[in-house]
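Undergrad: Chains as they are written, first to last, in numbering that gives the first Met the number 0: chain A, 0 to 79; chain B, 0 to 79.
Heads up, a few of these hints could be off.
Heads up, incomplete: computed chain B residues facing chain A, CB under 10 angstroms, no partners named [unchecked claim]:
1) 3
2) 5
3) 17
4) 21
5) 23
6) 27
7) 38
8) 42
9) 43
10) 48
Hints are computed from structural coordinates only; laboratory data are not their basis. Since we're looking at a predicted model, the values are computed, not measured. Glycine is no exception: its CB is placed at the ideal position from the N, C-alpha and C atoms.
Number of protein chains: 2
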Amino acid sequence: MKAHVHVTLKPGVLDPQGAAIGQALGTSGFEGVSSVRQGKVFEIEMEGTDRATAEARVDEMCRTLLANTVIENYDIRIED
Amino acid sequence: MKAHVHVTLKPGVLDPQGAAIGQALGTSGFEGVSSVRQGKVFEIEMEGTDRATAEARVDEMCRTLLANTVIENYDIRIED
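Put together the whole structure using the sequences plus the hints.
TA: Okay, here's the thing in structure tokens:
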């Protein structure tokens, strides 16, 4: 079973890396880009378990290790 | 219009960061995790344009700046 986890900065949290990429896009000739935010994605392969258990385990992984819940949101998608 | 871009390492490309996270999950008591791969996600906000044009522009951004196509795959999703 495979879990896809997206970790993104909460709205309002400063994202200097995203801002730098936005600026680089501008200087590369891409106009009309109003904002860029960068986040992380984790693809976690787990040994056989049911969907609900997998989701609960990945949620705990996010809270304890993968995301800093003070400044980041996470989103979990389980794929069979 | 908002574009979500996922940049992930191609299968077979070594991912030491993902491996380190997998190991950290193991030592944190999460068993049964067979592999972790880490990637990047970009959320790009663009000023008004149609869907096809937006997708073509983001594709060019990926090829020129956001992804290293030698070792990375990218995936674009346009949201209205």
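Undergrad: Are the hints correct? Go through all of them and say.
TA: Against the structure, the hints:
1. 3: holds (9 angstroms)
2. 5: Status holds, d = 6 angstroms.
3. 17: At 8 angstroms from the nearest chain A Cβ, residue 17 (chain B) passes the 10 angstroms test, so the hint holds.
4. 21: holds (8 angstroms)
5. 23: holds (6 angstroms)
6. 27: holds (6 angstroms)
7. 38: Hint on residue 38 (chain B): holds, closest Cβ of chain A at ~4 angstroms, below 10 angstroms.
8. 42: holds (4 angstroms)
9. 43: holds (5 angstroms)
10. 48: Residue 48 (chain B) check passes; min Cβ-Cβ to chain A is 7 angstroms, inside 10 angstroms.
Violation of the numbered hints given earlier is absent; every hint is satisfied by the structure.
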